[in-house]
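Engineer: Per my numbering, the very first residue in the sequence shown carries number 1; after that it's consecutive.
Hints are computed from structural coordinates only; laboratory data are not their basis.
Remember, predicted model here, so these are calculated numbers, not experimental data.
Cβ coordinates follow ideal geometry from the N, Cα and C atoms, glycine included.
Be careful, since some hints might not be right.
[Claimed, not checked] Now the in silico label distances, taken between C-beta atoms and shown as ranges:
1) S77 with L113: 43 to 49 Å
2) H16 with K128: 21 to 27 Å
3) P7 with P112: 32 to 38 Å
4) R84 with I134: 48 to 54 Å
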Amino acid sequence: MSNLLFPKTIKYNNNHMYKLKNIKKPYKLDYGDWGIVANESNIITPNQIESARCCISKNIKNYGKMWTKILPNHIISKKPKDSRMGAGKGKIFKWLFILKPGDVIFESTLVPLSVIIKTFKLVKKKLKVKTKLIITKNV
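With the sequences and hints as input, model every part of the structure.
Structural biologist: Encoded structure:
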């Protein structure tokens with residue numbers, strides 16, 4: 001298992017619910033030559049991030065380096081079914097990452113174009129978000 005499933009430390013134990021907004025923000029690659037960018041706002045679970053990361057790392061192998069740009073940072077809490085009303089908010093149920101359009105999910109560098117396209121098609125199936133592939137330099 002990877003450390004992508006939840007952060008090491010958190011500031012607050014419980015969060016307010018977040019409303020998904022389709023406000024686009026400009027994307028920018030920080031490290032790599034190509035990246036996978038979200039086209040819509042949606043919620044991604046840590047298992048989806050991990051399965052997509054494994055898929056990319058298997059396909060690019062020794063070609064280049066990969067960076068994961070997102071980390072689950074939003075908590076969903078849930079109370080036990082048999083508990084009575086009141087007594088505060090429930091315990092942590094699961095971790096999520098809330099994607100906005102334009103968020104860069106993965107970046108990579110030094111990978112041939114044929115491998116990039118093949119990898120992108122496989123990763124697209126793993127994520128439940130509409131994504132697009134961006135290439136900044138000549139690969």
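Engineer: Please name the hints from earlier in the document that this structure breaks, with their numbers sorted from lowest to highest.
Structural biologist: Nothing - there is no hint that the structure violates, so all of them hold.
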